[in-house]
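A.B. asks: With the hints as constraints, model all of the structure from the sequences given.
Just so you know, the sequences run in chain order D and B.
Going by numbering that gives the first Met the number 0, the first residue of the first sequence is number 0, and it counts up by one from there.
Going by numbering that gives the first Met the number 0, the first residue of the second sequence is number 0, and it counts up by one from there.
I should point out that these hints are in silico values taken from the structure, not numbers from a laboratory.
Nothing here was measured: the structure is a model prediction, and the numbers come from that model.
Hints are supplied without guarantee of correctness; some may be wrong.
Any copy, or any two copies together, can satisfy a pair, since identical chains are not distinguished.
Said to hold, decoys possible - Straight-line alpha carbon distances no greater than 25 Å define the calculated DMTMM-like cross-link-like pairs of lysine to aspartate or glutamate that follow:
1) Lys291 x Glu124
2) Lys280 x Glu150
3) Lys291 x Asp57
4) Lys148 x Asp208
5) Lys338 x Glu321
6) Lys280 x Asp399
7) Lys291 x Asp125
8) Lys338 x Glu365
There are 2 protein chains.
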Amino acid sequence: MRTMKGFKALLPVDNAISLVLDRFGDWIPGPEEVRLESGCGRVSAERVTSSVDIPPFDRSAVDGYAVRSEDTYSSSHSNPAELALKGTSEAGGAPPAGPLSRGECVEIFTGARVPDGADSVVMAEDCERLGGRVSVSKPVPRGANVSIKGEDIRTGDAILECGRVIRPWHIGVLASVGCNAVSVRRRPIIGIFSTGNELVGVGSAAGNDLSIIDSTRPMLASMASAAGCKVKDGGIVGDSSADISGNMLELASSSDAVVSIGGTSVGGKDLVPEAAKSISKEGVLFHGVAIKPGKPFGFGIVKGKPLFMLPGYPVSAMVGFEAIVLPLLRRWSGVGQAKRRVVKARMARRVPTTPGIRHYLRVRLEEAGRGLLASPITITGSGLLSSITRADGIVVIGEDYEGVEEGSEVNVELLED
Amino acid sequence: MRTMKGFKALLPVDNAISLVLDRFGDWIPGPEEVRLESGCGRVSAERVTSSVDIPPFDRSAVDGYAVRSEDTYSSSHSNPAELALKGTSEAGGAPPAGPLSRGECVEIFTGARVPDGADSVVMAEDCERLGGRVSVSKPVPRGANVSIKGEDIRTGDAILECGRVIRPWHIGVLASVGCNAVSVRRRPIIGIFSTGNELVGVGSAAGNDLSIIDSTRPMLASMASAAGCKVKDGGIVGDSSADISGNMLELASSSDAVVSIGGTSVGGKDLVPEAAKSISKEGVLFHGVAIKPGKPFGFGIVKGKPLFMLPGYPVSAMVGFEAIVLPLLRRWSGVGQAKRRVVKARMARRVPTTPGIRHYLRVRLEEAGRGLLASPITITGSGLLSSITRADGIVVIGEDYEGVEEGSEVNVELLED
Numbered sequence: 000m001r002t003m004k005g006f007k008a009l010l011p012v013d014n015a016i017s018l019v020l021d022r023f024g025d026w027i028p029g030p031e032e033v034r035l036e037s038g039c040g041r042v043s044a045e046r047v048t049s050s051v052d053i054p055p056f057d058r059s060a061v062d063g064y065a066v067r068s069e070d071t072y073s074s075s076h077s078n079p080a081e082l083a084l085k086g087t088s089e090a091g092g093a094p095p096a097g098p099l100s101r102g103e104c105v106e107i108f109t110g111a112r113v114p115d116g117a118d119s120v121v122m123a124e125d126c127e128r129l130g131g132r133v134s135v136s137k138p139v140p141r142g143a144n145v146s147i148k149g150e151d152i153r154t155g156d157a158i159l160e161c162g163r164v165i166r167p168w169h170i171g172v173l174a175s176v177g178c179n180a181v182s183v184r185r186r187p188i189i190g191i192f193s194t195g196n197e198l199v200g201v202g203s204a205a206g207n208d209l210s211i212i213d214s215t216r217p218m219l220a221s222m223a224s225a226a227g228c229k230v231k232d233g234g235i236v237g238d239s240s241a242d243i244s245g246n247m248l249e250l251a252s253s254s255d256a257v258v259s260i261g262g263t264s265v266g267g268k269d270l271v272p273e274a275a276k277s278i279s280k281e282g283v284l285f286h287g288v289a290i291k292p293g294k295p296f297g298f299g300i301v302k303g304k305p306l307f308m309l310p311g312y313p314v315s316a317m318v319g320f321e322a323i324v325l326p327l328l329r330r331w332s333g334v335g336q337a338k339r340r341v342v343k344a345r346m347a348r349r350v351p352t353t354p355g356i357r358h359y360l361r362v363r364l365e366e367a368g369r370g371l372l373a374s375p376i377t378i379t380g381s382g383l384l385s386s387i388t389r390a391d392g393i394v395v396i397g398e399d400y401e402g403v404e405e406g407s408e409v410n411v412e413l414l415e416d
Numbered sequence: 000m001r002t003m004k005g006f007k008a009l010l011p012v013d014n015a016i017s018l019v020l021d022r023f024g025d026w027i028p029g030p031e032e033v034r035l036e037s038g039c040g041r042v043s044a045e046r047v048t049s050s051v052d053i054p055p056f057d058r059s060a061v062d063g064y065a066v067r068s069e070d071t072y073s074s075s076h077s078n079p080a081e082l083a084l085k086g087t088s089e090a091g092g093a094p095p096a097g098p099l100s101r102g103e104c105v106e107i108f109t110g111a112r113v114p115d116g117a118d119s120v121v122m123a124e125d126c127e128r129l130g131g132r133v134s135v136s137k138p139v140p141r142g143a144n145v146s147i148k149g150e151d152i153r154t155g156d157a158i159l160e161c162g163r164v165i166r167p168w169h170i171g172v173l174a175s176v177g178c179n180a181v182s183v184r185r186r187p188i189i190g191i192f193s194t195g196n197e198l199v200g201v202g203s204a205a206g207n208d209l210s211i212i213d214s215t216r217p218m219l220a221s222m223a224s225a226a227g228c229k230v231k232d233g234g235i236v237g238d239s240s241a242d243i244s245g246n247m248l249e250l251a252s253s254s255d256a257v258v259s260i261g262g263t264s265v266g267g268k269d270l271v272p273e274a275a276k277s278i279s280k281e282g283v284l285f286h287g288v289a290i291k292p293g294k295p296f297g298f299g300i301v302k303g304k305p306l307f308m309l310p311g312y313p314v315s316a317m318v319g320f321e322a323i324v325l326p327l328l329r330r331w332s333g334v335g336q337a338k339r340r341v342v343k344a345r346m347a348r349r350v351p352t353t354p355g356i357r358h359y360l361r362v363r364l365e366e367a368g369r370g371l372l373a374s375p376i377t378i379t380g381s382g383l384l385s386s387i388t389r390a391d392g393i394v395v396i397g398e399d400y401e402g403v404e405e406g407s408e409v410n411v412e413l414l415e416d
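C.D. replies: This is the structure:
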């Protein structure tokens, strides 16, 4: 194990997650109203009950003839019931006035209102029509082919529970009871900024050949967006303690959580945790997590908001963000991200790991014999994003291991599916 | 089996899917350029290669001292190498001018440029600094702690292949090589309209008590959006053949596919397939699919665009849309939807099904003994959306079965996860 100078103890990943969730996991973003067509995929902020019956009236489920079922009870092919056609009930229109009397029927179309007095509908193909008369050649049970008023949804029925991800069929049900807006949890706002004199934004004019484009910030912003959050871009600040703490305070005021990138490993230029301590009573709750890559991960509180201090190297930042930040963001947004598909593979070679540290190996997969072979991508530093873009998946090696042996079976989380 | 009047033969679901995909599955929507921060989740429309090396120069991966490794080869704790400190190289700044000579070192920080002449970096904790001199107490291998120029990405390397879903780490890599925009497949445009004199829009003033709110259209629009499409809302048209065909033509001109809702079962008021035939040379390719619910499903071609004619009942429309329309939309958009999680359960009671027809049962799940019990939701008509909102999952019964027996094991696709 490479001991990081200054990290006295590394906090296990699960403890880091628990500490964050215990402190901030119960908060729920307030509600906002969105138009129904924008509601799918959002999380309902209230229980919705219906103020109407669906169907709003007894409705025919087929094309045919509305009848009093008792009129058909003694009918047969040799002795069909002969009914007088009283008129037509079309979808969207009114049935003929007055209740159906004995011996009468009404032509009816799918979705149309069943006239008073009728209790069932005979399908058109089971009838014979001759001018103003309809003969029914078999008995119809009471209620046949009729959707009773309120059968689908009754007034007062809950049609959407609070806290559920809204699916297309919820949109359908909400529409059917006349809701054209829905109250949803607002998206949590995540303020993200980077620190480093060497950094320039991707959109800015090309820097000199010593500057580095800040690629971690747009990457983490994408991850936060995919977890159902809004991103407030805090830009880049130089290696100045005052600028860093100023940006932290500003983002903490306008966001629900703050993410800083860079300046967290313990060394000459590592200003972020110090800046956090300088402006916050509670300061830094932990700094240094037993995760590789991603060890120089810090967590603090600024103005009552969680502050995640991530290392600047893209892969370290990505792994730390996914392991420790996303569980909180997902709980806040209520939008679970699809879990990655997991496949079994055998390790192509031995990889030593340090007990007590959770390792995230990037691996390539290839078919080999009757299964998959996972080859770890050799990297010299966690700065190398290509270790992810060239990888097919991630193998997580837990804290209890000293490594994985060549040929041993591992679970690979697929990066693309 | 309830035979639908007029459907001479029902097309098996798989044949319907193949026919649609064979005809339209090879088309790919044209490219559009989006800003990098909007690119995540979209599908790349071109292969992107890097025009720069990453890192753009030999870069230190740690805080420490840049050295000529050969100067340290004979060093030990008892006989450390003593090097003259020549200056400092900070991230974003230039190293001291001129190449490192024998016996010299440069203080260097993570991310900073390694000075010419140096080939490795000793970590700060492995050195002792005394004024202008640094003693190194163990040999450093050549290349240690240095990320070589181009090690991550070389000029000309592909950093994003065409046709891939863009992930957060692609955003990071694109940013790092200076791309602030990315070419992606444009979202396919799906025109959706409903037919029926009885329908009113959810947003409109309350209709009379005989009208029905059109809930299927917003539901299918949500499904299309979730599959990565844009929706062009064609509204509601009455039961007029001219209005229906007019709307079809208009949507076919402005969309990549047209979806009509309602008016597809074979009966007095079933105008949509007839309208399609009246305006299209190729007309209707199939009408009636061996799927339940969802049987009155039609497919045609208008102005060279696919026309999906769905039944008006919400659950029928939903099942048909998911089974037959979504495979095409997903292929077009390139965005696979997360597959539903599948669990095993035992059926709580026997459900008869019709051989030759694929059935989609909505079931509730409950814990029972050492497993899950699936109870089919009894419904009187496929109009009842509550059969979905009250369901925990879907059980698909294939065409080769005559039903499922009580107690038999089935796969349940979970609707919520």
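A.B. asks: So which of the earlier hints does this model not fit?
C.D. replies: 2, 6
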